[in-house]
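Could you build all of it, start to finish, from the sequences and the hints given here?
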Amino acid sequence: MAGLELLSDQGYRLDGRKPSELRKVQARMGVFAQADGSAYIEQGNTKALAVVYGPHEVRGSRSKTLHDRAVINCQYSMATFSTAERKRRPHGDRKSSEMSLHLKQTFEAAVLTQLYPRSQIDIYVKILQSDGGNYSACVNAATLAVIDAGIPMRDYVCACSAGFVEDTPLADLCHAEESGGGTSLALALLPRSGQIALLQMDARLHQDHLDPLIEAAMTACKGLSDVLDSVVRQHLQEVSVLTRD
Amino acid sequence: MIKTEKILHLKSSRGRKVRVVREHYLREHIPCFSALCQGDCANEGKILSEDLTHYVVPDAGVVRDFLEVLEFRELRGVVFTQTACQAVQHSRGRRQYNRLRSLLKDPRHECVLFCNEFQQYAYCPREKGEAQDKWQTRCVYHAAVWYFDHLAGLKPVVMITEDAAAVGEYSSLNAGVYVISTQDYLQSFWPDLQAARELHGSISQALQERESEGQERQYTEHLPLEVLEAGIKSGRYVQGTLNVNKHRAQLEAFVRVEGSTNKCTELNSDVLVCGGKLRNRAVHGDVVVVELLPKGDWRGRNTALTEGEAEDRTGEEPQSLPMPTGRVVGILQRNWRDYVVTFPLWEEVQSQSHGSQRILVTPWDYRLPRIRISTQQAETLQGHRAIVRLDSWESTSLYPNGHFVRVLGRAGELETEVHTILTENSIHVAPFSEAQLREMPVNSAESPWQVEAEQAEVRRDLRESHLVFSIDPKGCEDVDDTLSVRRLPGAELLELGVHIADVTHFISEGSLTDLEARARSTTYYLADRRYDMLPAVLSADLCSLLGGVDRYAMSVLWQLDARSLSVQKVWFGRTLIRSSYQLHYELAQSLLNGDQGAEPLELSQLDPAEKGRRLEELREALRLLTHVARLLRAGRDEGGALELEGVEVRAQVDADGNISALVPRQPLEVHETVAECMIYANHWVARKIQESFPHQALLRHHPAPRQEFFSQLVDSAKALGFSIDTRSNKVLADSLDQAMDPKDPLVNRLLRMMATQAMSNALYFSTGAYPVDQYEHYGLALDRYTHFTSPIRRYADVIVHRLLTAAIQKEKGVELKEPPANNKELEALAHHINDKNRAAQQAQKQSTELFQCLYFKDKDPHSDERCVANAVVYAVRANGLLVFIPQYGVKGAVYLKNREGQVVSVKQDGSCEWQSGSLQRHSDRISTTTAAGTHTFCLFQHITVRISVQSSRCHGDRLWLEAISSRPHRAPTNQSEGAGQGAGHGRAELVQEVVRWAEEASQKEAEGRAAAPKLSREEREFRQTRAPNLYTLLQEVQELALADVPSCQSTAPSVEPPACTASG
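Keeping their order, the protein sequence lines are chains A and B.
Residue 1 is where the first sequence starts when you use the working numbering, and the numbers rise one by one after that.
Residue 246 is where the second sequence starts when you use the working numbering, and the numbers rise one by one after that.
No lab work stands behind these hints: they were computed from the structure.
Where a beta carbon is used, it is the ideal one built from N, C-alpha and C, also for glycine.
Don't take every hint at face value.
Unchecked claim - Distance windows between CB atoms, simulated:
| hint | chain 1 | residue 1 | chain 2 | residue 2 | range |
| --- | --- | --- | --- | --- | --- |
| 1 | B | E1060 | A | Q26 | 43 to 49 angstroms |
| 2 | A | H209 | B | L418 | 47 to 53 angstroms |
| 3 | B | P939 | A | K222 | 35 to 41 angstroms |
Stated by the list, open to error - Just some of the chain A residues that point at chain B, by a computed CB distance under 10 angstroms:
| hint | residue |
| --- | --- |
| 4 | E5 |
| 5 | S8 |
| 6 | D9 |
| 7 | Q10 |
| 8 | Y12 |
| 9 | R13 |
| 10 | G16 |
| 11 | R17 |
| 12 | E21 |
| 13 | R23 |
| 14 | G44 |
| 15 | A84 |
| 16 | C174 |
| 17 | A176 |
Okay, structure coming up:
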């Protein structure tokens, strides 16, 4: 069997979604008490946990200190049980380092780092179950965690992946779609301003198709930001009810 | 939407079992595609109509194994479930799945896909420990129930399954949903559909038989796909298409290596696969992967007796240099189609099988192995030809398994044989369906067709302003091209016009007729009949540009400078014309010559003065046209257009029968005139669409031939003292003109024939698929060429018409309703059309051969004078000669050595007889040495041959030639005079005679049913033109489309006994 049929003639994807539909998103904020901020997100079967410490003094070598803004330190890891076949090394391999770097770039663009000179913000993200779109789940989880920590940001950072199959852009790819051999693009967006925090794509794509693909990813990101926004609001409501008493 | 999870157990790349969890989203609204929908489903596209008695939902098992039964168009209202489709995809692979997909897309077939697994209420998750097929059956049943409820019980739903337990379990659960077995279903709902029932029976029997198969391994297993792909990448294996040698089907097959994928550069020839074991169940046409054997095991081609026919093209010395030899390790793609087989006689069956119902049938095509099928009708079908399909070929089985589909008829009967030819070339020509005919405009005596007012407005009206006329063969009814020419007042300008029938006006893209025409791609001409691409109401009436009636046309009008003929202005567009004269070639020529008494039929009613004036007007137009055509031709000659027609027509005719009936006494100039105008129109349209759509225009190119293919031509010409220069088309044309033997005009004809054979075929292509420098047309010496002028009988022209319309609209700035097909689609379509054209030519050739055989069949070769003919040697082989018989237009082999090792010896008076001796072959002659002396046969020598028929029950009959004298049959001068005509008339006569016999035979047979044969004769009488018009013929020859090397090989009978009977 060479290749699954990612998009049927009737316009359904493998899991029954239409091309522009997102997977089901569920999120919770403030899952850990001892961290400054924390959040848990499920995007379909991709599950991610994010923890934020800071802003605090720069630890380790002092030379990393920046005088005009805060240093953002990101670490990405995957649980050994997160994939179908058990992983040997939870973090520190090439892929994880790259992912950490991408996360760092994304949040440097979104967090108002100049408010905290000479300090450091740590963001730790762990994938508990991996089913495609790891990067976007991490970004979304980390956004919620940063908000939970009370660190000011320009806007939510929402990330979503998009693929391109049979001349149709597909939003929010699952693992089967990602490994199906097509193009996959990851986009992190500041939805209100429409600014792009990060855009990453490895595979080949015809230039004519790039615009519709980015368009689809942006629409998906905006959809996600609505979901995240409602999660934040609900969390605030719960918290304020608790504190009022 | 509701999110659920699906747990699958898949195998990982390392072969371990992995538990995979996939999401599965369900939704409430899934379109049901029924016209009766009670909810508001978003039904788009194909919809099941209301007037059906029931809907049928086939189970996964039924779709998997009996898809062919469901493909019957008579079975309407089929609801395929997603579960069943996925079962097909997983267990049967891509090919079968694509077949199902195209079935679902085909608007002629009333079936829909219901995505039951995404429907909230129809979906049922698989329970723990539930077997896959049980679960699938349950899913399908739930889908059927949902469907019934969704339509509020308005339509009963029948679920068909092969699982007897399911019938018992589910049949009584719901009132409106019936669960029955497929067999019961076909019997009770479609009692008239005998064919479907039979097909079902034969498939299920084949399935049963397969289960009870022996376990003894006959072949090595194929390697898994991943290993093959890795092997191809690393260069360890070679991928290619398997070609079985027709004359040694058991032993030799060649794998044509696909150049681009092959990294192993030292491998520049085909790979030989010897014997059945190494071929490992691959069938002719499959894409296979071969592993090369070590060099020590390499073998050469077999160069014994049949060598001559096997590799005609290369013209190699008959030595057997070891060539790369390999064995098949895997098959990437089966290319199985429908095969025609012949059932063995009952006595043979009984001796061969022991009580089992399996029998071995022999395919018509020599290149296929015998096929094992199981049927209960073996006794009634003995000696019949039937269609079978291959199912599988297990490694435990010596022969492939197949099942029987349909009977064609008794072997040897005309109808059976014609249908055999059609099937073997994958040509499907069912009569046009009612739905298709309903799309057609009406033109009858009660409601005559009229020009629509809005069309008259948008079209340029040429009815009054232009003198339009057509020139076609006598009696032609499907006139698709007309011409006009006039001097423009004032300026020194000429206006030349080519007006082509506007077929695309009547056939909108995507309509049923369009789909059918696309599937056929061309009108098929067989020796005694034809199958039209378009329904008769269009091809013979509304699209045909008949004289004296208003017709829509697509026109190209050039304004030419009267002296230099340089183009000042070109106009393309839709027009409204009325052809004034429907001329035929002979009449046009005599008008041109100024013969007295020649006048078109249209003028016979007029008074003399008026007649004279009109006649002069027409003559003037014809004269002008001839003048223009001459100049155009001269311009093309400068560029190096190959002058192959005149002489070539007659030679080429040999390959395809009915055309030859058309060959005129002498080629008239007016033929060339018409052809030239058409080529000019094609050329300009090609330029226009290529400019407008640089990446998606359909053009036709003819690649320059490879120089080494000309070696036979050059060597043959050298033997006669002519030198042929093949460096470019211009010098080739010149040197062919000079190679003229005044004593024997056949020499030039044969040389041109060889030149044609050296060239490849002209092909359609999409401009986006090739670089610009490969657009050119070698034979016509044009940089751009396409087909525009015969939309009635070629689908390529229909596409070009649409492209031209789009180009005109684009120029005007009108927004296109739908953009033309993109490069990928167009290239796929071009491939399809090329394939179909090849099939059409092949079928035409085979039907001619069939008629030749039928003609000679009941003539006694020893007494009948017609069986003895003059032949010219055109090639020398190791064990014989290849000859051409001008009288019948037959090419074939004459063997100088028979199976007992005797050779032909020639006596004093020229007569031949078999004697023991030896043969010696030189490049241009072959000598036989016997006790009686030595005799030499040279190239281009005239000899006398006797024609007889070699009969074969399982395959087509063949002509057998035998040398009876080394002298010409008649005086060559006498012969050459009648050559062209003889061929023409001989052939026409031949076809008619055979048809008459067949009719008489059927008449005798059907004494009770008196009317039937008469009807058929009437049909024959009222058929349209018996053959394509001569212009097209000229054009095809010019394009060298018939330059098909196998054409001269396959007429040659084989010395070897048919391979299949040799195998035990």
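Quick rundown of the hints versus the structure:
1. E1060/B / Q26/A: 43 to 49 angstroms: holds, 46 angstroms
2. H209/A / L418/B: 47 to 53 angstroms: holds, 49 angstroms
3. P939/B / K222/A: 35 to 41 angstroms: holds, 38 angstroms
4. E5: This interface hint holds because 7 angstroms falls under the 10 angstroms limit.
5. S8: holds, 8 angstroms
6. D9: Holds, about 6 angstroms.
7. Q10: holds, 6 angstroms
8. Y12: Cβ of Y12/A sits 6 angstroms from chain B, so the hint holds.
9. R13: holds, 9 angstroms
10. G16: holds, 4 angstroms
11. R17: This hint holds: R17/A lies near chain B, its Cβ roughly 6 angstroms from the closest one there, short of 10 angstroms.
12. E21: Where the cut-off is 10 angstroms and the nearest Cβ of chain B is about 8 angstroms from E21/A, the hint holds.
13. R23: holds, 7 angstroms
14. G44: Holds, because the Cβ-Cβ distance from G44/A to chain B comes to roughly 5 angstroms (cut-off 10 angstroms).
15. A84: holds, 5 angstroms
16. C174: Given a least distance of 6 angstroms, the restraint on C174/A holds.
17. A176: holds, 7 angstroms
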